[in-house]
Amino acid sequence: MKTITVRYFAMFREHAGLGEETLVLNAATAKDVFEQTRLRHGSSEPNGHCKVAINDAMADWTSPISDGDTVLLFPPVAGG
Amino acid sequence: MMEVTTTSIDAEALKKSLANAAAGGFCSFEGWVRNLNEGRDVERLEYEAYEPLVVSEGQRVLDEARRKFPFLEARCVHRTGLLEIGDLAVWVGVASAHRDEAFKACRYIIDELKVRLPIWKKEHYVDGDSDWVNCERCAEHGGH
Numbered sequence: 001m002k003t004i005t006v007r008y009f010a011m012f013r014e015h016a017g018l019g020e021e022t023l024v025l026n027a028a029t030a031k032d033v034f035e036q037t038r039l040r041h042g043s044s045e046p047n048g049h050c051k052v053a054i055n056d057a058m059a060d061w062t063s064p065i066s067d068g069d070t071v072l073l074f075p076p077v078a079g080g
Numbered sequence: 001m002m003e004v005t006t007t008s009i010d011a012e013a014l015k016k017s018l019a020n021a022a023a024g025g026f027c028s029f030e031g032w033v034r035n036l037n038e039g040r041d042v043e044r045l046e047y048e049a050y051e052p053l054v055v056s057e058g059q060r061v062l063d064e065a066r067r068k069f070p071f072l073e074a075r076c077v078h079r080t081g082l083l084e085i086g087d088l089a090v091w092v093g094v095a096s097a098h099r100d101e102a103f104k105a106c107r108y109i110i111d112e113l114k115v116r117l118p119i120w121k122k123e124h125y126v127d128g129d130s131d132w133v134n135c136e137r138c139a140e141h142g143g144h
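Chains as they are written, first to last, in the working numbering: chain A, 1 to 80; chain B, 1 to 144.
Here chain B stands alone, though its shape is the one from the complex (with noise of 0.2 Å):
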């Protein structure tokens, strides 16, 4: 299930709507706002989604990663808004029976989503200067 939310996330709360008997591994990603970006210091974020295709576009990663790495059960939140340093961005997690599809299938939903998801990120910067950030051609240059 791929949601928007433009509440604070409760990881905990995430991790125990996937419980499942049958798995025997859990694996979660947690994206957090950082205070420096590319040589910037970095007072807050804004992230704004186009919801309907982020949950539409999302799921149909979500069911990749599944045949690509058959899991259990998983599940991404993304944050939207006006966020502050430490907060938490976006969750994905995955339970599977074993570790190896849990760990491979968070790696590609979160690079997935990265790039493909309608999902914009509004750096505002201490010296109150602001920007929105490119990760595509972030990626051309190293990658995040």
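Same shape as in the complex, but just chain A (with noise of 0.2 Å):
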């Protein structure tokens, strides 16, 4: 298990009701830690469209996850 803080954004904030949450997590990697949020904050979002950082870098779905880190998690983006 990890702690792991995590983020959320924009929609994903108003979902959760929260803008950050540490979390003990059984996950391998960032779609793990997506996935068990979607499921605790009922979200419907598929990952497919949205975007992760870890402690403030760019990452992907398959990025490794250290105990400790601080998950980004970025819904679809809409800027211009």
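Any given hint could be a false lead.
Stated by the list, open to error - Quick list of the computed label-pair ranges, beta carbon to beta carbon:
| no. | chain 1 | residue 1 | chain 2 | residue 2 | range |
| --- | --- | --- | --- | --- | --- |
| 1 | B | Arg107 | A | Asp56 | 27 to 33 Å |
| 2 | B | Leu82 | A | Glu45 | 23 to 29 Å |
| 3 | A | Thr22 | B | Pro52 | 33 to 39 Å |
| 4 | A | Leu18 | B | Ser8 | 30 to 36 Å |
| 5 | B | Gly81 | A | Thr22 | 27 to 33 Å |
| 6 | A | Val24 | B | Asp100 | 39 to 45 Å |
| 7 | A | Leu23 | B | Thr7 | 34 to 40 Å |
| 8 | B | Asp131 | A | Gly48 | 16 to 22 Å |
Calculated directly from the structure, the hints in this document are not laboratory data.
Glycine is no exception: its CB is placed at the ideal position from the N, C-alpha and C atoms.
Put the complex together from the two separate chains, hints included.
Structural data, given as structure tokens:
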């Protein structure tokens, strides 16, 4: 199990009702964190349109997660 | 340079900041808040950004554009917060020796910005409803 800080943005923050939480998760990859928090907060957004960052660096869904990481979950972006 | 601002964007000042004696051309793109999207009357927009990664990933986009279309100067500014119809939401400017690089780099920067940078847009509609815009899904249906 790993202690992970998860940060939510835009629609994810609204779905979760909070901007950040620290969770103890059985997660190997960023995708695991996404799926477990999605179940936790009842979001239906698939990860295909979303992005993820780990400790303020853009990452992939297959990126490994370490104990103490901060995972940033970005819903579909819409700049411009 | 990639920047995020919570105040209005001064396009003229930005253009002047790119002055370069070797530049023979300048090209800019301005993204404005419009009053209609997908058939719904929009009253205002709300932009949210995660600034640390907008700046770092935006700089990566500018560096890629410079390698592909060698230019002299480039700058991009995105506004966040509540914006009204007609407000300037994003500004991209590129100065180069010749026009081709300026046009192409400007297009590359705004196109990549829209799909890569952690920026979100919430539309507030005239009927009182509001919703987050999903540009990646829009792109699958012909783009914006």
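Hints, verified against the model:
1. Hint check: Arg107 (chain B) to Asp56 (chain A), Cβ distance near 29 Å, so the stated range 27 to 33 Å holds.
2. Under the hint 23 to 29 Å, the C-beta atoms of Leu82 (chain B) and Glu45 (chain A), about 24 Å apart, fit the expected range.
3. A C-beta distance of roughly 20 Å is found between Thr22 (chain A) and Pro52 (chain B), which places it outside the suggested range of 33 to 39 Å.
4. Under the hint 30 to 36 Å, the C-beta atoms of Leu18 (chain A) and Ser8 (chain B), about 31 Å apart, fit the expected range.
5. Under the hint 27 to 33 Å, the C-beta atoms of Gly81 (chain B) and Thr22 (chain A), about 28 Å apart, fit the expected range.
6. In this structure the supplied range 39 to 45 Å is violated for Val24 (chain A) paired with Asp100 (chain B), their Cβ-Cβ distance being about 55 Å.
7. A beta carbon spacing of about 36 Å between Leu23 (chain A) and Thr7 (chain B) agrees with the range 34 to 40 Å that was offered as a hint.
8. Against the hinted window of 16 to 22 Å, the Cβ-Cβ separation of Asp131 (chain B) and Gly48 (chain A) comes to about 20 Å, which satisfies the hint.
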